[in-house]
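Enquirer: Sequence:
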Amino acid sequence: MSELKIDVSRNDANPAVTILHLKGHLHGDTEGQLMERVRQLHETGTKYLLLDLSGIDVLTSAGLRAIHGVFNLYTPASDMNSIRQHEGEPYKSPYFKLVCPNPNVYYILNIAGFLQNILIYNNMDEAVNSFAG
16 MSELKIDVSR NDANPAVTIL HLKGHLHGDT EGQLMERVRQ LHETGTKYLL LDLSGIDVLT
76 SAGLRAIHGV FNLYTPASDM NSIRQHEGEP YKSPYFKLVC PNPNVYYILN IAGFLQNILI
136 YNNMDEAVNS FAG
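Using the working numbering, the first residue of the sequence shown is number 16, and each one after it goes up by one.
Treat the hints as calculated values from the structure; they're not laboratory data.
Check the hints yourself; a few may be wrong.
[Stated by the list, open to error] Mimicking DSSO-like on lysine-lysine, the simulated pairs with C-alpha atoms at most 30 Å apart in a straight line are:
(1) Lys20 with Lys38
(2) Lys107 with Lys62
(3) Lys20 with Lys107
(4) Lys107 with Lys38
(5) Lys38 with Lys62
[To be verified] Ranges of calculated distance between the beta carbons of each label pair, as one might list FRET restraints:
(6) Ser93 with Asp44: 30 to 36 Å
(7) Ser76 with Asp27: 31 to 37 Å
(8) Pro91 with Arg25: 32 to 38 Å
The C-beta atom is built at its ideal place from N, Cα and C for all residues, glycine as well.
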């Protein structure tokens, strides 16, 4: 069983974006580790979060639950209310995005419906720059 390694970097562009570089397996034994790190960042004022999935080898339903939890944490209540009121209309989070999933992870995210609400990029620079506008 693989551990999950989480490295944090910050791009001080405008706006500042915190990047979590994930490596290993995101599953039931590691989802809490990700959520704890994300909560700490959120509590210390991180507003824009990018998950680098390039190092994720395995993504299970528990990993999807963790990503959904991150989405919920980084989506303001006003946006959540708007999503509920306009059900069926696309909403793409301006606060939380994903970058560089391998094809298998991308496929899992797609069939689970995550592409409806979370923007996914294949290039780190494009992903970071997307927060600016």
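Enquirer: Taking the hints in turn, state whether each one holds.
Expert: Results for each hint:
1. Lys20 with Lys38: holds (5 Å)
2. Lys107 with Lys62: holds (15 Å)
3. Lys20 with Lys107: With Cα atoms ~27 Å apart, Lys20 and Lys107 stay inside 30 Å; holds.
4. Lys107 with Lys38: holds (25 Å)
5. Lys38 with Lys62: Holds, because 23 Å separates the two Cα atoms, which is no more than 30 Å.
6. Ser93 with Asp44: 30 to 36 Å: Check passed, 34 Å falls within 30 to 36 Å.
7. Ser76 with Asp27: 31 to 37 Å: holds (35 Å)
8. Pro91 with Arg25: 32 to 38 Å: violated (21 Å)
Going down the numbered hints, you'll see the structure goes against just number 8.
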